[in-house]
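**Q** Whole structure, please, built from the sequences with the hints as guidance.
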Amino acid sequence: GDSTRAASGPATSIAPSAAPPAPMAVPFPIGERLVYGARYGPFSVGTATMEVAGIDTIRGVEAVHFVFLIDGGALWYHIHQNLESWVGRHDFRSRRFLNQTEEKGKSWERKFEIYPDSGFYREAGRDTTVATVPDPLDDAAFLYWIRTVPLEKDKRYEYHRYFRPERNPVIVEVLGRERVGVAGKKWEAIVIRPRIPNGGGIFAEKADARIWLSDDSLRIMLALQSKFSFGQVTLKLKEITATKEKADSRPEHP
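Residue numbers in the sequence shown follow my numbering, run continuously in steps of one, and reach 1648 at the last position.
Treat the hints loosely; a few may be bogus.
Straight-line alpha carbon distances no greater than 30 Å define the calculated DSS-like cross-link-like pairs of lysine-lysine that follow [claimed, not checked]:
| no. | residue 1 | residue 2 |
| --- | --- | --- |
| 1 | Lys1621 | Lys1580 |
| 2 | Lys1600 | Lys1630 |
| 3 | Lys1630 | Lys1498 |
| 4 | Lys1547 | Lys1630 |
| 5 | Lys1621 | Lys1632 |
| 6 | Lys1630 | Lys1579 |
| 7 | Lys1621 | Lys1600 |
| 8 | Lys1600 | Lys1500 |
| 9 | Lys1621 | Lys1549 |
| 10 | Lys1621 | Lys1505 |
| 11 | Lys1549 | Lys1600 |
| 12 | Lys1632 | Lys1580 |
| 13 | Lys1549 | Lys1580 |
| 14 | Lys1580 | Lys1547 |
| 15 | Lys1547 | Lys1600 |
| 16 | Lys1505 | Lys1630 |
| 17 | Lys1547 | Lys1632 |
| 18 | Lys1498 | Lys1580 |
| 19 | Lys1580 | Lys1630 |
| 20 | Lys1579 | Lys1621 |
| 21 | Lys1498 | Lys1600 |
| 22 | Lys1630 | Lys1549 |
| 23 | Lys1549 | Lys1579 |
| 24 | Lys1579 | Lys1632 |
| 25 | Lys1547 | Lys1621 |
| 26 | Lys1600 | Lys1632 |
| 27 | Lys1630 | Lys1500 |
| 28 | Lys1632 | Lys1498 |
| 29 | Lys1505 | Lys1580 |
| 30 | Lys1547 | Lys1579 |
| 31 | Lys1621 | Lys1500 |
Between beta-carbon pairs, the in silico distance windows are [unchecked claim]:
| no. | residue 1 | residue 2 | range |
| --- | --- | --- | --- |
| 32 | Arg1587 | Gly1513 | 38 to 46 Å |
| 33 | Glu1552 | Lys1600 | 17 to 25 Å |
| 34 | Thr1523 | Pro1436 | 43 to 51 Å |
| 35 | Gly1575 | Tyr1509 | 42 to 50 Å |
| 36 | Gly1570 | Lys1500 | 36 to 44 Å |
| 37 | Gln1626 | Thr1495 | 36 to 44 Å |
| 38 | Phe1514 | His1472 | 20 to 28 Å |
| 39 | Gly1519 | Asp1548 | 42 to 50 Å |
| 40 | Arg1573 | Ala1525 | 38 to 46 Å |
Because the hints were derived from the structure by calculation, they are not lab data. All C-beta atoms, glycine included, are put in the ideal place defined by N, C-alpha and C.
**A** Okay, here's the thing in structure tokens:
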């Protein structure tokens, strides 16, 4: 249907009929850093940060580097998870994804090299290549990309953009609007329910996740709620740095 077609890029943008619409460039300022407090019921159980860390070059393509770090735990349970994503600066397609997780005393790392133009991805340590989708996104990239798409009340969107095709679709339901108090102020927020029914992690069906995004041009992630094995955890925004437009082109200290 239409929703899946529109999902592969800004298909609704007005462009000369001869040329396909150009994919959207990454709009976030380099240096944007969002810090969250994690709560489990009344308990503070850790912190998380989301950062637009810089620009790297991957196989000749300028790529924006995103880092999503969760560090938390209480008593018997500890998790340290580092998700890093590199997406093409001019096409918002994943080129590399790194997941380093340490949980309950076990640690593992998975690294994927993603080749959108060739249509495959490869996992580090394995020889085989696996087919990917035309406009791949990984777990960390998705948290940024969802800030750029239209989200109309009561709509349900289906996207076939997760880089491992068998895990698609990614479903996003817009539940409504709410006022939330985080980071020392009141915000108007769009509430969405993202899920990857065939996937695991914070957007698995059983995690029953919710995301609150600021209802403005920046679409800051104000809060994220997801069920873990031991219960529901909520990340709430505590502080924001460098959300000024074009923060990368006007350094503080010339």
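**Q** Now tell me if each hint is right for this structure.
**A** For each hint, the structure was consulted:
no.: 1; hint: Lys1621 / Lys1580; result: holds, 25 Å
no.: 2; hint: Lys1600 / Lys1630; result: holds, 21 Å
no.: 3; hint: Lys1630 / Lys1498; result: holds, 23 Å
no.: 4; hint: Lys1547 / Lys1630; result: holds, 22 Å
no.: 5; hint: Lys1621 / Lys1632; result: holds, 21 Å
no.: 6; hint: Lys1630 / Lys1579; result: holds, 12 Å
no.: 7; hint: Lys1621 / Lys1600; result: holds, 7 Å
no.: 8; hint: Lys1600 / Lys1500; result: holds, 23 Å
no.: 9; hint: Lys1621 / Lys1549; result: holds, 23 Å
no.: 10; hint: Lys1621 / Lys1505; result: holds, 25 Å
no.: 11; hint: Lys1549 / Lys1600; result: holds, 21 Å
no.: 12; hint: Lys1632 / Lys1580; result: holds, 12 Å
no.: 13; hint: Lys1549 / Lys1580; result: holds, 25 Å
no.: 14; hint: Lys1580 / Lys1547; result: holds, 20 Å
no.: 15; hint: Lys1547 / Lys1600; result: holds, 23 Å
no.: 16; hint: Lys1505 / Lys1630; result: holds, 28 Å
no.: 17; hint: Lys1547 / Lys1632; result: holds, 26 Å
no.: 18; hint: Lys1498 / Lys1580; result: violated, 36 Å
no.: 19; hint: Lys1580 / Lys1630; result: holds, 13 Å
no.: 20; hint: Lys1579 / Lys1621; result: holds, 26 Å
no.: 21; hint: Lys1498 / Lys1600; result: holds, 20 Å
no.: 22; hint: Lys1630 / Lys1549; result: holds, 25 Å
no.: 23; hint: Lys1549 / Lys1579; result: holds, 28 Å
no.: 24; hint: Lys1579 / Lys1632; result: holds, 10 Å
no.: 25; hint: Lys1547 / Lys1621; result: holds, 24 Å
no.: 26; hint: Lys1600 / Lys1632; result: holds, 27 Å
no.: 27; hint: Lys1630 / Lys1500; result: holds, 27 Å
no.: 28; hint: Lys1632 / Lys1498; result: holds, 26 Å
no.: 29; hint: Lys1505 / Lys1580; result: violated, 38 Å
no.: 30; hint: Lys1547 / Lys1579; result: holds, 24 Å
no.: 31; hint: Lys1621 / Lys1500; result: holds, 20 Å
no.: 32; hint: Arg1587 / Gly1513: 38 to 46 Å; result: violated, 30 Å
no.: 33; hint: Glu1552 / Lys1600: 17 to 25 Å; result: holds, 19 Å
no.: 34; hint: Thr1523 / Pro1436: 43 to 51 Å; result: holds, 48 Å
no.: 35; hint: Gly1575 / Tyr1509: 42 to 50 Å; result: holds, 44 Å
no.: 36; hint: Gly1570 / Lys1500: 36 to 44 Å; result: holds, 39 Å
no.: 37; hint: Gln1626 / Thr1495: 36 to 44 Å; result: violated, 19 Å
no.: 38; hint: Phe1514 / His1472: 20 to 28 Å; result: violated, 36 Å
no.: 39; hint: Gly1519 / Asp1548: 42 to 50 Å; result: holds, 44 Å
no.: 40; hint: Arg1573 / Ala1525: 38 to 46 Å; result: holds, 44 Å
This entry does not satisfy hints 18, 29, 32, 37 and 38, going by the numbered hints stated previously.
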